[in-house]
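Take the given structure of chain W and dock chain Y to it, following the hints.
Now for the letters of each chain:
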Amino acid sequence: MELSQRHHEYWRKNLVITAVLLGIWFVATFVVGWNARALNDITVLGFPLGFYMSAQGSLIIYVVIIGIYALYMKKLDKEYDVAEGEIE
Amino acid sequence: MSTGAFSQAAFNRQLKKTYSWYVGGFLAFLFVLAILEQMGMPKAWIGYTFLFATIGLYAGIGIMSRTADVSEYYVAGRRVPALFNGMATGADWMSAASFIGMAGTLFLAGYDGLAFVMGWTGGYCLVALFLAPYLRKFGQFTIPDFLGARYGGNFVRTLGIIAAVICSFVYVVAQIYGVGLITSRFTGLEFGIGVFVGLGGILVCSMLGGMKAVTWTQVAQYIILIIAYLTPVVWLGIKHTGIPVPQVAYGPVLQKVGELEKKLNADPKEQEVRKIFKDRADAANANLKDPAKAYADGKAKLEQNVASLKSANAPADQIAAAEKALAAYPKDEAAAKAQWNKDKGLTARANPVRAHADPFPGKDEKARDIARLNFLGIVFCMMFGTAALPHILMRYYTTPSVQEARVSVFWSLFFIFLLYFTAPCLAVLAKYDMFTNLVGSSFASLPAWAAAWAKVDPSLLNISDINRDGIVQWAEVVIGGDLIVLATPEIAGLPYVVSGLVAAGGLAAALSTADGLLVTIANALSHDLYYKMIDPNASTAKRVTISKVLLILVAISAAWVTSYKPGDILFLVGAAFSLAASAFFPPLVLGVFWKRANKAGAIAGMIAGLGVCMYYMLRTYPFFTNMGVPKMDLWFNLNPISAGVFGLPIGILTIVVVSLLTKAPDRETQDFVEHVRYPSLKGDTVSTQAS
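First to last, the sequence lines map onto chains W and Y.
Once you know that position 55 of the first sequence is 77 in the numbering used here, the rest is easy, because the numbers rise by one and skip nothing.
Once you know that position 500 of the second sequence is 1825 in the numbering used here, the rest is easy, because the numbers rise by one and skip nothing.
So here's chain W without its partners, still in its complex pose:
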């Protein structure tokens, strides 16, 4: 089956949002983890920042990443007319 230009565009946009969110995930996980000692010198709300990020902060970011992805893709599906019917 031949895909239209718009189909390719949809997939490209999907790849872009995936890459962007993956970048945020990478920073929240590995960049923060690698620099945890340095971040601990900063205090936020009484927490050493390095500790709080690994214990709670990064987790909150993960939840938000997935939430943004689900909302964005829902919109993208509709925009490019690849959304499913109400219920398959």
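These are computed hints drawn from the structure, not numbers from a lab.
Don't take each hint at face value.
Reference listing, derived: stretches of chain W covered by chain Y, where coverage requires no fewer than 3 residues with Cβ under 8 angstroms from a Cβ of chain Y [to be verified]:
1) 24 to 36
2) 40 to 46
3) 50 to 64
4) 67 to 76
5) 87 to 95
Selected chain Y positions facing chain W (Cβ under 7 angstroms, derived; list incomplete) [unchecked claim]:
6) 1447
7) 1664
8) 2004
The beta carbon of each residue, even a glycine, is placed where N, CA and C say it ideally should be.
Relative to the frame of chain W, chain Y by itself:
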């Protein structure tokens, strides 16, 4: 389909109503038990009531959900709404290790334990971005199904089955171990019997109704486990921070813990205790250099002491003490050596307290860098393993649509997050409570919970007056990680009902994970191996029956392996993640995102990834090297638990290289990839959804 839409909406409403009643009923049940406790109901009865009421409840749901329909049995009819699939995934995901062990690990390891907290949540980002929507669009029953359809041929499917069975089996052994532990603690049964009693509880949930029954019991189990986890922590949080959301308010408590740690390290009495441990360890080390001579010398010295006291007509009690010391001396050299080897380990207790919030402690920069590398290695393996464990990925086949699958990952992580972002806070609150209420109390009047637990199980809490001053020093306390969650209700001063609730929550966590894993294994064998490869003409009834029989066989063999208590649970779990990451992640993700990936590449990549991962574990993990496998040095100082750090990239690289060296996949496969990428394609000729 408008009628389908209508029935799904009605079904959702019905579900919400049912589970609202369920939550209300459960809270009422707690309330009644609390009143009965006030009226003098014995504690043992409360424990039994929880055990039988919850297992009976799960069994009831399991029996009501019995089915012989293939789609219902394998994927719960594909009509589990995102929210409920999220709860079921949460229960599936959070095992006994998460529920009972996690806070304890954090309590003992401080910052470094957070590798698991991050790894087991961040992995869901990968599930959401790379796998869940595409697997749902594919819409069949198992993970080997996807590999078989994407790469073609039974060989890839077989590799998928082998990898799925290996990692699920390793993981299920760890779960049944947890079930046995809780059941035996709950009822006083022996561990081996506890394993099989717990197994009965697992089987009633999963056998009759497969994925359908497992899903609806898991939702019920999630609700119990999260209420059980949060109640005591919120209470303890109010006690120490005054705010019912301790997860954001425990910063000042963490600071106080840091100050108390410094105080403990400077305290002369603490130093005295640590010195005693250090002296004992040093003496043991010295003795071990020439055990024969040390043994003879030590004995001679004691004998001489008795003799000289006697000849000097010393008071009777002094002579009795000296004779007692002689009688307590090891019988022979072997016994003495065993004792000294044990004493050698006391150096650990001679160390000063580690700062809780301090990442990667080590004696010098190099040791710290190694600790940091291993921390990130564990995070890496846990994340990619999460995104490759078949029992989790399978859950996203059960939602009604692709968009629901995406939303469902969000709810999954949200419900998992509720527990995981509470655990670090619980560890800190518990530590603060112990530093302030346990340390410095006198042995004659220990806090009630400490006295009770030290009596029940010395492996969880052991306090002995090492320097004989009658006061508890922190260095005199030995804590087993599992104590933290189990004892929190008592530390927080809550009634016994809450302790029973926590145990029921732990049981729910262990049962639900074991169920999900068993269904995965049985499905891989009955669907992928039997139906797809051995007898494609098997009737649906026969397929479901075979799956049920296999489920029991797998469960019994897992329980049989478990009753031998095979080593370290954390390593077992870690190994399952590393294996899954190495075997599944590369072919699944490249299968969707890279059309050029072909069959030869997938086969080579899975074998290479899995092979490297297993090879590294075999050659470096002490359990295997002690059995005679030749030991080798660690690569880049990474521990065997992080073997996936090598397996996964090698798997990806192999797929890419081998695919490029061989023929591109045919048109049909490329169409298949297009089909999976778009939730709905007009004019799409490919149809993969099985019903």
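Each hint tested on the structure:
{"no.": "1", "hint": "24 to 36", "result": "holds (count 5)"}
{"no.": "2", "hint": "40 to 46", "result": "holds (count 3)"}
{"no.": "3", "hint": "50 to 64", "result": "holds (count 8)"}
{"no.": "4", "hint": "67 to 76", "result": "holds (count 8)"}
{"no.": "5", "hint": "87 to 95", "result": "holds (count 6)"}
{"no.": "6", "hint": "1447", "result": "holds, 5 angstroms"}
{"no.": "7", "hint": "1664", "result": "violated, 40 angstroms"}
{"no.": "8", "hint": "2004", "result": "holds, 5 angstroms"}
Figure legend: structure checked against the earlier numbered hints; the only hint not met is number 7.
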